[in-house]
Amino acid sequence: MAEVPLVQVAVPDGGVTGEVLRLDEPLSFWGGLDSATGEVIDRHHPQSGTSVAGRVLVMPHGRGSSSGSSVLAEAARCGTAPLAIVMVEPDAIVALGAIVADELYGVGVPVVLVSVDELAGLSTGGRVHIGSDGSVLRL
Amino acid sequence: MRIVVRLAEALGAESLLDVSGAHIDSCLFHGRASLDFAERLVEEGAEVAVPTTLNVSSLDLLHPDLFRGDAEHGRLAARLMDAYVSMGCRPTWTCAPYQLEERPAFGEQVAWAESNAIAFANSVLGARTDRYGDFVDICAAITGRAPAAGLHLDENRLATVVFRLGDLPPDLLDSHVLAPVLGAFLGHRTGSRVPVVAGLEEPPGEDWLKSLGAAAASRGSVGMFHVVGATPEAPTLEAALGGRPPVEEVVVTLDDLRRARDDLTTAARDTLATVSLGTPHYSVAEFGRLVEALGGRRVHPDVDMYVSTGRGVLAEVEERGWAGKLQEAGVQVVTDTCTYVTPILADTVGTAMTDSGKWAYYAPGNLGVGVVFASTSECVESAVAGRVVLDELLWAPAGERFGDG
Chain P
1 MAEVPLVQVA VPDGGVTGEV LRLDEPLSFW GGLDSATGEV IDRHHPQSGT SVAGRVLVMP
61 HGRGSSSGSS VLAEAARCGT APLAIVMVEP DAIVALGAIV ADELYGVGVP VVLVSVDELA
121 GLSTGGRVHI GSDGSVLRL
Chain A
140 MRIVVRLAEA LGAESLLDVS GAHIDSCLFH GRASLDFAER LVEEGAEVAV PTTLNVSSLD
200 LLHPDLFRGD AEHGRLAARL MDAYVSMGCR PTWTCAPYQL EERPAFGEQV AWAESNAIAF
260 ANSVLGARTD RYGDFVDICA AITGRAPAAG LHLDENRLAT VVFRLGDLPP DLLDSHVLAP
320 VLGAFLGHRT GSRVPVVAGL EEPPGEDWLK SLGAAAASRG SVGMFHVVGA TPEAPTLEAA
380 LGGRPPVEEV VVTLDDLRRA RDDLTTAARD TLATVSLGTP HYSVAEFGRL VEALGGRRVH
440 PDVDMYVSTG RGVLAEVEER GWAGKLQEAG VQVVTDTCTY VTPILADTVG TAMTDSGKWA
500 YYAPGNLGVG VVFASTSECV ESAVAGRVVL DELLWAPAGE RFGDG
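Same order as they appear, the protein sequences are chains P and A.
Here the first sequence stands for residues 1 to 139, numbered as in this note's numbering.
Here the second sequence stands for residues 140 to 544, numbered as in this note's numbering.
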């Protein structure tokens, strides 16, 4: 098995900079995210009601429904997707949504992996720069 | 193929492997992106290379009047369904493809989407699929290839977390309601690891394992689980663990389960508007138990009762003469879709009851309804009574029960 690359879905040249939304629990995009508004609608989720739109979404791993890819791609089409997604574990459902958003609409939602320790250092409201090599820098 | 390869790269797979079947979740309409993707494939002349089944859609083609969504949404959803059928997929429209006659054999490599079906295929059938999402499911069906990664590979199928059932009341151990509640607890505590359940005296049947897997896959990211003595890769605890010590061992107590059960309830427990069963799709055996539990009684006029199932199972239920009995009782059977993925419920203001951990989990966000989670028999008794009727005795510690005498 080759190593899992840290950059799951490409980060554009020059990287992206944005504000962190760190989720206390992983989010299933399907049943958990309203693609029309970017709002977290999972009523069991501690951050229900928060918007992910345009923010750097940080969570340890993906969760739940396999329809999550469609909701992420639709959110990208509607302009309500996260600016980027940062996780510890690779997740096919999250990666797929981002890949298809790119293939269909040319809208990139970069997905990168970090270590558990790096994840712990990212808190909501902080600003980060994600480099095209997948590095996540706190600003 | 480019999408399969891009995913393989993201997962760090060195190669692709052949799959002999696929189950597609992308046929459920989530907006324009769903349709843009499918129609692009159709335009390019795509056809599936392996036998491929279709998951629930947004419409009940056998009972089209049940759809209460806007007409334009309905038309786009129908176009999406047509697109997948035109690529050669079988119009099975079920989230329980493992209830169809042809299902994958032990060890067979497949590409399945739909979280409950993934958990069932891996855990109960011993077939091998990773947790596939929308889009790649159809790409794998067209190419007959999938990344050699995740749950396709031996080493990733071994359990790393042991859930040992503690001292639980015997009635609860016998009740089907244990499955979705334990599943929700497992999902919450397991994350994306592979759990093994130890301590069940009697090996549970397929419907029990279906309910457990569906709840675990909604509450967590469980793509595979073992139940010692019941699932094919867990003849013993040691076999499920592959001879390695577990990373974590959890003793499941009655308090844990009561909390997990309470977490599935979001509504006040007085008035009742809806009872929804059949998530995942009801099996023939479950219909049999439902008809028996109703015992010729009628659903209360203030309550709408729905049961979702596949059209294949409905045909069998009709043949057995149960469909007529359910109709007489006032039960609405829903096929091809499910009551929590599309606008079907007549009343989304009043309380809804369900025996499904998965429905309980998603319905509040998807439909805006308040949910009371309960056992199947509590759901049936409540539907008949027209109000929420719960049997707390099932959840009482063994000692307290004598005091109730």
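These aren't lab readings, by the way, just hints derived from the structure by calculation.
Glycine included, C-beta positions come from ideal geometry on N, C-alpha and C.
It is possible that some hints are incorrect.
Stated by the list, open to error - So the derived label-pair ranges between C-beta atoms look like this: (1) A:A244 x P:V4: 24 to 34 Å; (2) P:T50 x A:D313: 38 to 48 Å; (3) A:R526 x P:S115: 34 to 44 Å; (4) P:P12 x A:R526: 34 to 44 Å.
Claimed, not checked - Covered, in the sense of this in silico footprint (three residues per stretch, anywhere, with C-beta under 8 Å from a C-beta of chain A), are these stretches of chain P: (5) 18-24; (6) 49-62; (7) 65-72; (8) 79-87; (9) 121-133.
Hints, one by one, checked against the model:
no.: 1; hint: A:A244 x P:V4: 24 to 34 Å; result: holds, 30 Å
no.: 2; hint: P:T50 x A:D313: 38 to 48 Å; result: holds, 42 Å
no.: 3; hint: A:R526 x P:S115: 34 to 44 Å; result: violated, 52 Å
no.: 4; hint: P:P12 x A:R526: 34 to 44 Å; result: violated, 57 Å
no.: 5; hint: 18-24; result: violated (count 0)
no.: 6; hint: 49-62; result: holds (count 3)
no.: 7; hint: 65-72; result: holds (count 7)
no.: 8; hint: 79-87; result: violated (count 0)
no.: 9; hint: 121-133; result: violated (count 0)
Violation of the numbered hints given earlier is confined to hints 3, 4, 5, 8 and 9; the remaining hints are satisfied by the structure.
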